[in-house]
Every structure is written in C-alpha cells, then in structure tokens.
Amino acid sequence: MSITVRVPTPLQRLTQNQAEVKANGANIKELIEDLEKNFPGIKERICDETGEIRRFMNIYVNEEDVRFLQDDTTPLKDGDEVSMIPAIAGGRQ
Amino acid sequence: MKLREDQIERYSRQILLPNVGGKGQEKLLNAKVLIIGAGGLGSPAGLYLASAGIGKIGIVDSDVVELNNLQRQILHATSDVGNAKVLSAKERLNNINPDVEVIAHRLRLTSENILDVIKDYDIILDGSDNFPTRYLVNDACVLSEKPLSHGGILKFDGQAITILPGKSACYRCLFPEPPPPGLVPSCQEAGILGAVAGLIGTIQANEVLKYILGIGDLLTGKLLIFNALDPSFRQVKVPKDPKCQLCGERPTVTELIDYEEFCHVRSSQTLSVD
Chain A
1 MSITVRVPTP
11 LQRLTQNQAE
21 VKANGANIKE
31 LIEDLEKNFP
41 GIKERICDET
51 GEIRRFMNIY
61 VNEEDVRFLQ
71 DDTTPLKDGD
81 EVSMIPAIAG
91 GRQ
Chain B
94 MKLREDQIER
104 YSRQILLPNV
114 GGKGQEKLLN
124 AKVLIIGAGG
134 LGSPAGLYLA
144 SAGIGKIGIV
154 DSDVVELNNL
164 QRQILHATSD
174 VGNAKVLSAK
184 ERLNNINPDV
194 EVIAHRLRLT
204 SENILDVIKD
214 YDIILDGSDN
224 FPTRYLVNDA
234 CVLSEKPLSH
244 GGILKFDGQA
254 ITILPGKSAC
264 YRCLFPEPPP
274 PGLVPSCQEA
284 GILGAVAGLI
294 GTIQANEVLK
304 YILGIGDLLT
314 GKLLIFNALD
324 PSFRQVKVPK
334 DPKCQLCGER
344 PTVTELIDYE
354 EFCHVRSSQT
364 LSVD
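Just so you know, the sequences run in chain order A and B.
Per the numbering used here, the first sequence starts with residue 1, numbered consecutively.
Per the numbering used here, the second sequence starts with residue 94, numbered consecutively.
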C-alpha cells in the first residue's frame, strides 16, 4: 500500500526538502506514525501533546478534510493522496 | 446611470464580454470594495480593481512604505519610501483611473473600529499579514454579513477562499484556531516570492469582480492552494462546520473579541496590524 503525502513548506525541512513523500498506513493515525519513523520530528508538528491533530493543521484525504470524516481514524486506501495544509497569514508585509 | 463615451472606450474589452456588457460595467462602477492592507496582496488586487472601474475603493493600512516592500508591493514606488502606504496607493489608483473614488483609511483595524470601517462597503478583500487581523476581519465580516475574499501567502505557497457569511464556510470553519506564535513563520521571517503575492492578490480581485458581476462560480466552500515550485493549483473542500464557534449551530462568538489574546501574541511580540 502506498499513500502519497503532500508536505507543506514549513515541514519540508523534516523531509529533506521533499514536497511529496510516500508513506503507508490503514488510517491517518498509522500514516503519521509511519511518517515519524522515516522523518523523525514530523509527528509533533502535526499532532499536539495528546496526539490529536493540531487545529491549525488541516489534513485532507484527496479533497476531503478528515475533521469532517473520521479525524485520525479516517481509513486510507492504496493510491490516496493526503495533503497537510497549515494556516498561513502573510500578505501585506 | 449612463456610461460616458470615454468610459465605453476605457472598458470596451470587458464590456465586450457576453456576461459583462454595459449592465455589468455599471455594476462595477457602482460597487464599493474595501482592501485591507496595501501590501503584497492588496497591491495587485487594487490595480486590477481600479483598472476595471470599481466605483469606490477603500484601502486600510497604517504603515509607511519601506524599501524592502517594493519587491512585491507594486502599488508603491521608490520615491514613496517613508510615505504612508495609503497615500501612495491612492495616488497610484487615481492615476490609473480617475473614475475611481479612493478612500484612504490610515489606521490600524481593531475590534472597536472595524465594524464602522467595513459598513459602507459591498465586499471586503483581506490582504493582511497576521493571524489576529485575519480572525478579526473574518469575524467582523460574518457578524455584519459582508462577503469576504481571503488570501494568504508564504514563501512559494498561496491560499485563497471566498466567504459568503451564512452561506459558505468561514475562516474559522477552515482553521478553528490560529497556530501558536512561532510555529508558522511570517513572510518577514520566511520570505515570499513577489509573483506569488501577485497571483493570489489577482485571484482575490477576480473573485471580487465575479461577485459584483454575479457571474461564474466563487471560491466558496473550497480552498484554492497554489504552489509556485511544482507549479500547481489544487482545491480542497471546505464545508461549513456545524461546530464553528462563529457561524455554527451553537455559536459562542457572538461579538468581536480580543484577537491578540486569541492568537496568544500580546506578550510575545509587538504587532504591526493594519
């Protein structure tokens, strides 16, 4: 099983500057654990101390926000694309 | 309202469009748009909106032009360095199109003044640069039922969404909470490619024009994501969140709050809000 993960710019330091990586997992939780194995430090950027997905970091399976599916138990299947999209604020400066 | 000869000539290439026409041009000339921030997003947006003949454009900004702004804030010129951004913006837009009444709001938006500033405008374009202002603008627009075009940029990335209060997801439906200070860097810390600001600001202007003209689909209920390096445009769905604290089924935010406190920025940094 192979899931394509799109890594947001602020986290690419942890993925050796790769914008897209492959990972495995039957659901989002497992996928994050698998990412953490290959890219140590990435989990704490995605999840808070209690293991919940941070509220300014949205995770999408294909085009759907997992908050409106089953959060971190949202199931994944081969070929899915997972995107992590953080809030960004720039504009005026 | 009857278009003058010179207006028919000036706007001929858009009047030609089947879903614009003379009627559409009149809508644009009667429209009132508020641009928050005369910076990387507000600059391209302002240029296109003034060129298209928006009748009244308000610009909110409290800052002066700095040399390091000119790489992307294309409303301002080298000779404007040290002057108020709203003044160089007004001068530039007036030069492009004397049809446009430009209102310079040289102030910093706060919970106390924002409702009064936005009340006379039909639609708001947010080109601010920090989370407290973004949530302030979102909440003020939803509470006063003003349509809002939101754009954000950082490094090589851009995001845009259009918010029709009560009808489509708001910024809090998309991001219920701001990141803690320091976790997501600002453009000042991380950098921004000028053309990325140009693209997103132009997309925001395009949303405003479509809203006024009543044509096409808006970026409502979806977030447009641009990456300059791929290069790619993608969209993800943004449903209205029934649990949204502002526009959900049981709202807990029913008036404007203290946004610096909400974003935990008061003690850790000095804010330069518009």
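Mixed in with the good hints, there may be bad ones.
Unchecked claim - Per the computed footprint, the stretches of chain B lying under chain A, defined by three or more beta-carbons under 8 angstroms from a beta-carbon of chain A, are:
no., segment
1, 214-228
2, 295-303
As the list claims (entries may be wrong) - Listed next, with one range per pair, are the computed distances between beta-carbon atoms:
no., chain 1, residue 1, chain 2, residue 2, range
3, B, Gln328, A, Gln70, 18 to 24 angstroms
4, A, Asp78, B, Lys336, 28 to 34 angstroms
5, B, Ser325, A, Leu69, 19 to 25 angstroms
6, A, Glu44, B, Thr203, 30 to 36 angstroms
7, A, Phe68, B, Lys95, 23 to 29 angstroms
8, B, Ser237, A, Glu44, 34 to 40 angstroms
9, A, Gln18, B, Gly115, 19 to 25 angstroms
No lab work stands behind these hints: they were computed from the structure.
Treat the numbers as computed from the prediction; the structure is a model and nothing was measured.
Even for Gly, the Cβ is constructed at its ideal location relative to N, Cα and C.
Hints violated by the structure (numbers, ascending): 2, 7 and 9
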